[in-house]
Each structure stands twice: as C-alpha cells, then as structure tokens.
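Participant: The task is simple: from the sequences and hints, build the whole structure.
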Amino acid sequence: MIKRSEVRRLQDRAAEMIRRAGIVLTDKERGQIEVAEFGLGEVETTGLELVVYVNTDRYCAKELVLLPRQTCPEHRHPQVAGEAGKMETFRCRWGKVWLYVPGKPARPVQGRPPKGSEAHYTVFHEIELNPGEQYTIPSDTLHWFQAGEEGAVVSEFSSTSRDESDIFTDPRIRRIPEIVED
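Residue 1422 in our numbering sits at position 129 of the sequence shown, with consecutive numbering throughout.
Honestly, I wouldn't trust all of these hints.
Unchecked claim - If you anchor each label on the Cβ, the simulated ranges turn out as follows:
no., residue 1, residue 2, range
1, Gly1396, Glu1309, 19 to 25 Å
2, Glu1474, Glu1426, 36 to 42 Å
3, Arg1405, Gly1334, 16 to 22 Å
Claimed, not checked - BS3-like cross-link-like pairs, simulated, lysine-lysine; straight-line CA separation at most 27 Å:
no., residue 1, residue 2
4, Lys1408, Lys1296
5, Lys1389, Lys1408
6, Lys1321, Lys1296
7, Lys1408, Lys1397
8, Lys1355, Lys1321
9, Lys1321, Lys1397
10, Lys1355, Lys1389
It should be emphasised that the hints constitute simulated quantities derived from the structure, not laboratory data. Just so it is clear, CB atoms sit at the ideal spot from N, CA and C, and this is done for glycine as well.
Facilitator: Written as structure tokens, this is what we have:
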C-alpha cells in the first residue's frame, strides 16, 4: 500500500531521471508514471517506476526507472492462455543496472538482495548494463535487477506485457499497486 502523495513524489523523481537520460516525456506520460511498490512497504528498496508507451497484443515498449540501489524483485513471465510468456530486451539509457538470470553465479555479486528478502533471490548470473548496452531475457526466465549508486533508466522492448500474470519468487509480492489517499 502506498500513499498518493508518495506516488506523486516518486513520479516527479522518476520524470527527472528520465529527463537526465535525454528522454522527453509528454505531460500526459509524466502523469501516468506507474509506481510499482510490490506491497512490501519499502518502495525505495524494492520497487520500480515505469512509463508504458505502448502495450498491444503483439509488442510493448516501456521506460523503467530505478532509484539508487532500488531492486525489481525476482520474477518470471510465464505462458498465459497458451501464448509464450513475455520476452524482453533491456537497454540501459542512463546509470548502471545489474541484471541477474540463471547461470554461473558472479563472484562477487554487485547487486544486493534487500535485507530480509534474501531467501527470495535465487539466480545470480550477473549482467552489468551501462548506457548503450542491452540484454534480451527469454520468456519464462527467472530474473531480477538492481540499479547502481546513481539509479538507472532502462528502455524495455518486449512482446506483450501481462504484469498481472508475473510470478514472483517472493510470495508476499503484489504486482498491482494499492494506492491510498492521504
């Protein structure tokens, strides 16, 4: 659960980070920045801010904003109604992001699972993305990602996004935010 005033504050912060990345948003897009707080009450640690440009039955384009060291928790995009789960390409536009997928674990791992949630992070093959670098995640693949010390702006290009169908390793996660008035 997140207060509307907190959503507005995080929308403004995300919009400023997007501006610093050289990406122009319309006033309408600024007002529609989604704040995904995942129901844990620790949005600046476990959370994500998103701008969805388009999401059709064929493709999707978004900007993902991560505050400094903010983590999008481990999840996968499963098959839905007989259709393959979302395949997505992340392209770093500003800052640094560490992406974790199955494979040989990094030693040491640069990202840090949020305190108290470590048991819900199981994949540690590390891919570091800096501006201009990208990585494609196959459908139904466990992954999580975390921004570096300055935060990060990442463009996502994918097949259809069905956020409500994402499966998170942490059973406490609620993908669709619950916003309450102040």
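Participant: Determine for every hint whether it applies to the structure shown.
Facilitator: Structure-based check of all given hints:
1. Gly1396 and Glu1309 have their C-beta atoms about 35 Å apart, which leaves the hinted 19 to 25 Å range violated.
2. Range check, Glu1474 to Glu1426: Cβ separation about 41 Å, and the 36 to 42 Å hint holds.
3. A beta carbon spacing of about 19 Å between Arg1405 and Gly1334 agrees with the range 16 to 22 Å that was offered as a hint.
4. The straight-line distance between the Cα atoms of Lys1408 and Lys1296 is roughly 23 Å, inside the 27 Å bound, and the hint therefore holds.
5. Distance restraint check for Lys1389 and Lys1408: the Cα-Cα separation of roughly 21 Å lies within the 27 Å cut-off, and the hinted pair is therefore satisfied.
6. At roughly 21 Å between alpha-carbon atoms, Lys1321 and Lys1296 fall within 27 Å of each other, so this suggested pair holds.
7. A C-alpha spacing of about 23 Å is found between Lys1408 and Lys1397, which places the hinted pair at or below 27 Å, so the restraint holds.
8. For the hint pairing Lys1355 with Lys1321, the CA-to-CA distance comes to about 15 Å; that is within 27 Å, so the pair holds.
9. About 43 Å separates the Cα atoms of Lys1321 and Lys1397, which puts this hinted pair outside 27 Å; it is violated.
10. Of the supplied pair hints, the one linking Lys1355 and Lys1389 holds, its CA atoms being roughly 17 Å apart against a limit of 27 Å.
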